[in-house]
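Trainee: Taken in order, these protein sequences are the chains called F and H.
In terms of full-length UniProt numbering, the first sequence has 336 at position 336, counting the first letter as 1, and numbering is strictly consecutive.
In terms of full-length UniProt numbering, the second sequence has 282 at position 282, counting the first letter as 1, and numbering is strictly consecutive.
A couple of the hints might just be wrong.
As the list claims (entries may be wrong) - Distance condition first, Cα-Cα at most 35 Å in a straight line; then the derived DSBU-like pairs of lysine-lysine:
1. F:LYS276 - H:LYS207
2. F:LYS255 - H:LYS221
3. H:LYS207 - F:LYS381
4. F:LYS94 - H:LYS112
5. H:LYS221 - F:LYS347
6. F:LYS347 - H:LYS207
7. F:LYS343 - H:LYS207
8. H:LYS221 - F:LYS252
9. F:LYS381 - H:LYS221
10. F:LYS94 - H:LYS221
11. F:LYS276 - H:LYS221
12. F:LYS343 - H:LYS221
Treat the hints as calculated values from the structure; they're not laboratory data.
Because the structure is a prediction, the values reported are computed rather than measured.
This is what each chain is made of:
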Amino acid sequence: MASSTTPISPTPPSLALPPSQFARLQPHAYLLAHLSPPPASNQPSVRANGRATSQFRVTSANAGSLTHTNGSAVVRIGDTAAVCGVRAEILHTKDIASWSVLQASSEQNFDKSNDVGVSESQDEEDRGHIQDLDLLVPNLSLSTGCAPGFTPGAPPSALAQSLSHQILSLLHTTRLVRADDLRIWYQPPNLDSEEFRNAGEGMDVDTEQSEDPEREIKAFWVLYIDVMIISLAGNPFDAAWASVLAALRDTKLPKAWWDADNETILCSDNVADARKLSLRGLPIASSFCSFEGDAAAGWRAVVIPDAEEQKQKKGAQQRWILADPDGYEEGLSQERASLVVDKENGKTVIVKMEKHGGWTVDSDDLRQLVDVSAQRWDEMKRILDQC
Amino acid sequence: MRDRLQTRYQVQAQLRRPIKERPAHEKSQRETTLLLPTLRTLKKLPNFYLSIVNMVGPIASLSQLNRADGSASYKCPATGYSILGAVNAPIELPARRDALKPEEATVEVFVKPGTTTAGVGERHVEGILRSVLGKIVLGREKGFPRRGVVLTLAIVGGENVERGDSANLSQYLTILPALLHAGLLAMVSASVPLSMTFSATLLGVTKSGDIVRDLSPTAAKAAVSLHVFAVSSKNHLLLNESEGRFDFDTWELVRERALSVCQGETAASADGDVTMGEGTASASLNGFIRETVEDQVYSDYAFKLDSI
Numbered sequence: 001m002a003s004s005t006t007p008i009s010p011t012p013p014s015l016a017l018p019p020s021q022f023a024r025l026q027p028h029a030y031l032l033a034h035l036s037p038p039p040a041s042n043q044p045s046v047r048a049n050g051r052a053t054s055q056f057r058v059t060s061a062n063a064g065s066l067t068h069t070n071g072s073a074v075v076r077i078g079d080t081a082a083v084c085g086v087r088a089e090i091l092h093t094k095d096i097a098s099w100s101v102l103q104a105s106s107e108q109n110f111d112k113s114n115d116v117g118v119s120e121s122q123d124e125e126d127r128g129h130i131q132d133l134d135l136l137v138p139n140l141s142l143s144t145g146c147a148p149g150f151t152p153g154a155p156p157s158a159l160a161q162s163l164s165h166q167i168l169s170l171l172h173t174t175r176l177v178r179a180d181d182l183r184i185w186y187q188p189p190n191l192d193s194e195e196f197r198n199a200g201e202g203m204d205v206d207t208e209q210s211e212d213p214e215r216e217i218k219a220f221w222v223l224y225i226d227v228m229i230i231s232l233a234g235n236p237f238d239a240a241w242a243s244v245l246a247a248l249r250d251t252k253l254p255k256a257w258w259d260a261d262n263e264t265i266l267c268s269d270n271v272a273d274a275r276k277l278s279l280r281g282l283p284i285a286s287s288f289c290s291f292e293g294d295a296a297a298g299w300r301a302v303v304i305p306d307a308e309e310q311k312q313k314k315g316a317q318q319r320w321i322l323a324d325p326d327g328y329e330e331g332l333s334q335e336r337a338s339l340v341v342d343k344e345n346g347k348t349v350i351v352k353m354e355k356h357g358g359w360t361v362d363s364d365d366l367r368q369l370v371d372v373s374a375q376r377w378d379e380m381k382r383i384l385d386q387c
Numbered sequence: 001m002r003d004r005l006q007t008r009y010q011v012q013a014q015l016r017r018p019i020k021e022r023p024a025h026e027k028s029q030r031e032t033t034l035l036l037p038t039l040r041t042l043k044k045l046p047n048f049y050l051s052i053v054n055m056v057g058p059i060a061s062l063s064q065l066n067r068a069d070g071s072a073s074y075k076c077p078a079t080g081y082s083i084l085g086a087v088n089a090p091i092e093l094p095a096r097r098d099a100l101k102p103e104e105a106t107v108e109v110f111v112k113p114g115t116t117t118a119g120v121g122e123r124h125v126e127g128i129l130r131s132v133l134g135k136i137v138l139g140r141e142k143g144f145p146r147r148g149v150v151l152t153l154a155i156v157g158g159e160n161v162e163r164g165d166s167a168n169l170s171q172y173l174t175i176l177p178a179l180l181h182a183g184l185l186a187m188v189s190a191s192v193p194l195s196m197t198f199s200a201t202l203l204g205v206t207k208s209g210d211i212v213r214d215l216s217p218t219a220a221k222a223a224v225s226l227h228v229f230a231v232s233s234k235n236h237l238l239l240n241e242s243e244g245r246f247d248f249d250t251w252e253l254v255r256e257r258a259l260s261v262c263q264g265e266t267a268a269s270a271d272g273d274v275t276m277g278e279g280t281a282s283a284s285l286n287g288f289i290r291e292t293v294e295d296q297v298y299s300d301y302a303f304k305l306d307s308i
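Here chain H stands alone, though its shape is the one from the complex (with noise of 0.2 Å):
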């Protein structure tokens, strides 16, 4: 345990650049004001590294490419996906037509599977991932409107990359989540305004009529119906898409499971603030969300912590 603990501070160090290389956009100051509230928890920090070594849960880190405005990469050990993400906001865009919606930014998703040129598939993930995000991102915000936020996913890794034909449609629903997941952090990265995050997870229910979580893509197949939910900060149900034979009252089995799943028991208080306790905080996504920004909240502003 305490060599994994190394390994992670190890991650921390190399995440953890120079001040001085990060680009000045405008967007430090937002960032300020969108994270410096959470630097208030930073003094339990041990509580919660200690908790993050001890499940076995998805690895996140941001702000890892230099030229975007933000970027995140996002790998799930149950999958074995492995994301990278990158959004550039606001930008103009080129083929902006301003009949579409002037009073608020564009959001553009691009998927790009690893081993082939995009297809059908990714189109119609692209269209899920821009009708979630677009309803999140706050596009009327100072300096968007008009303008695009421009999201780039790149699947990397996973044990069963996509083939690029429609053979294994049953592989988009599994792999939902990581792109969410990766798409809201390198958003969050880019310090763009969102009225609220989510965290997202596939559920899968087996012939014998069990609730298993992230399945594998071989698992998925076997599977009678599959369940993708993104649950907002806020407990609402931003995303569903489920696939197979079911009726209702399992798919609100497999709703409450995914709440739990989300939200953990983290009890939110009423400003938003996540009270931690011992470890439950990292039993729930949303948790890991806030985690992985609070991390990088940590190398960032490093600084200033030691000059407290």
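Bound-form chain F, shown alone (with noise of 0.2 Å):
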């Protein structure tokens, strides 16, 4: 008591505590006296990590970083970091229980769509394989360190399984990888080329007819995906979903056939003839939390607004939609919005969006987020060219 109030500074002993204290003891208070400064000092409204509410953080991309993979990448958003690594492996057709049944009843479905268009069908089969065959198999880790809530060597966290089952959501809606690139063939030796052109009207126009007795599928290369994220600042699925694009459009798969001596498939060793995965699109996500000034705006029941009322009301900001937001403001938000959108010629294509957690973001933010998102996505586009 008596050094505290013997002053050796010449200034008076001041009850105002260091930014990094008062961040701590009043999380909120700090985050909102950034986003709304005093109309007199003059400064603008930024968070309190000093991005502008729609500013995401550095983002950096390395593809190829691990050697015993197929294809890996590394993606650090900000202080999240992720390593995600592709590995193939062969699935043989004899040995999927359901084999004959599902070729069977994907013949069906060639035959019921043959008018609507040869597209439309093969996109029906790849799902089908791809899904119905699980040849696509993301898991992510967080029992990494990666964060003080997570402990190393513990369980999946619910977290942790939400994420995975996201990624292996996303994989399958926007239909990202192709069937056709996991597909190992076998052509037998064309012994009697006039049966061959007898049988194969439809040949040319889909190859994967399966009832043509000439071709046949062998085995499936399964992609195992795996993703781990190394340090966590919020926001983990932006940059898991990004190492995983990273990682796939880095992946080689060799060449591979099905030897009919050995009744066995080989692969070739040499490099050359490894081809890369052709990808459909570029679908990226990006992330937002909606932070609101008033703390209690939850819970105070009898002052909760009709939404017309609100909308009205918002000329005061009462909140703010920020982009990308890292641990702490995560922490300080329940309201979260999530877009993962692609372009198709210059134009925006939304693939997967949701929010939950709160009713403040409605039509008119979600325009909005789209509008960033459709940014973000050329940013990335960049980076992920340039990795």
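Make one complex out of these two single chains by using the hints.
Mentor: Here it is as structure tokens:
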């Protein structure tokens, strides 16, 4: 007591805390003070981490970091870093219990959709093979000591499981990987060319026509996509998805063929023979969180206004939508929005959009978020093309 | 139609347990404050019984389980899902760490698939449900801070019960509205204080660009994009989960459709009481949630109504 009352420095002891302590003691007030500075101070409204509200963190990506995988990438978004490795393994069709049934049903499908169009039936079959046979197996691990909340070596947390599921679901809905890239064919030597001509009327149109006796699928490549979050500072999904995307773009599958004499699949060890996956589009994820100025807005029941009233009151901005939230901001907001967009010929296509955990973000805001995500797409495309 | 009306009343009669059997926790008092205002609307009962019978909508009932604090069953004929939900609140959580958020109740959600153990898909849905319900539960009311609100949802039936593995992912969007409704009704049944109610719907956009409501799992597979919306009783957008390929204009059309599905043409007056016209109330999902609760209140307070 005595030491603090006898000032050594000429300035009187103040009750002010250093910013770092204030941030820990009053996190909500700290972020709010940054976002709504007093009008007299002439300061711009920035987040506590110095970013503007719709600004993403510095992103870097590096592909081919792991030598023992078929494809790999490290993506770092600010202090969140994700490592992704893609390993390809062979799945023989004779090991698939339901293979004959699947083939029969896909033939039926083909017959039905023949008049609709070839590309459509191909899409359907893609979906069938990749989804039914689980040819893509993503897994995300947070048990790396990436953040204090996750103990290393612990069983996968609910967040890790949820993220794995989201990655798998996105891989399927975007149909990013073509099933054709994952098939290993066997073409028997063409002994009777006349029979070949008679049988294959639809052959030029669709090579995957499984009723064709000449060419058959002998095996599939299964891609094991493992993501390790080695450092977690908020927004794990964007980093994880970007790393999956970069790793798949980097993935090379060796040339594989069915050897009839040995009755096995052989792979060429010649690097020149290996081919890359041809992915469909480039879906980019961007996540947002909504920070409410009024910390009690959620639980003061009587005060919650109707949606219309709320819109009219919006003049005094009471919440901010923060792009790419870091761990500190994520802890202060419950409402999340996540978008995955792709661009086709300059036109933005939304692949996935989700928001939950609150009621402040509505269509007007989501429209803006789509624009922000489209800008982010350009940025990420540049980064991924360079890596 | 008379048959259906009769079965409806029979179901009512089954639900109507003797008042003495009802667990007499502190819940009855709060329930009274929450639900008594709706008694005023009960005089209009004959009207909406008829309108319920006319529509092919979901079927729900409250407080079916005796041991849980609150429970609800929900069946959606369109998608074929049947969900049983139970809520225990407020209870002491053994693994509760006060460091998390001591000033609020923790909302925990467990989803049990019908035929297998829960997998990663269930974890994801649990997370979504937790964030939606956790936001509308008033976890700071008396008796709730530091305690837990535990919601368990069992998928007891459906034309295509989830396989457990993640092969059919879009199924989770098709089942999400049913899970949300069952969860909400179970919460109401357990008298958990809520800041608002909501209703949820699944809409799909087909290849020809039509917006279809309540798709079955097989129809959902053929849809270009699937959208799940939860709209609150005050017209807020509480939840949106959209998958597939679509642009924002399509999304806005779907969102407007979702609003009309959830709210119908009912006009909520200033005091939050729904003014019910002929048949309009039951056309909306919010109206359905409201009527389900009113039915339950009617059977619970039958003794009072009789004495009036």
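Trainee: Now tell me, hint by hint, if it's right for this structure.
Mentor: The hints, checked one at a time:
1. F:LYS276 - H:LYS207: 31 Å, holds
2. F:LYS255 - H:LYS221: The given pair, whose Cα atoms are some 33 Å apart, holds under the 35 Å limit.
3. H:LYS207 - F:LYS381: 29 Å, holds
4. F:LYS94 - H:LYS112: Since the Cα atoms of LYS94 of chain F and LYS112 of chain H sit roughly 34 Å apart, the hinted pair holds (cutoff 35 Å).
5. H:LYS221 - F:LYS347: With a Cα-Cα distance of about 25 Å, the restraint between LYS221 of chain H and LYS347 of chain F holds, given a limit of 35 Å.
6. F:LYS347 - H:LYS207: 19 Å, holds
7. F:LYS343 - H:LYS207: Holds. LYS343 of chain F to LYS207 of chain H sits at ~20 Å (cutoff 35 Å).
8. H:LYS221 - F:LYS252: 31 Å, holds
9. F:LYS381 - H:LYS221: 30 Å, holds
10. F:LYS94 - H:LYS221: 28 Å, holds
11. F:LYS276 - H:LYS221: 29 Å, holds
12. F:LYS343 - H:LYS221: 24 Å, holds
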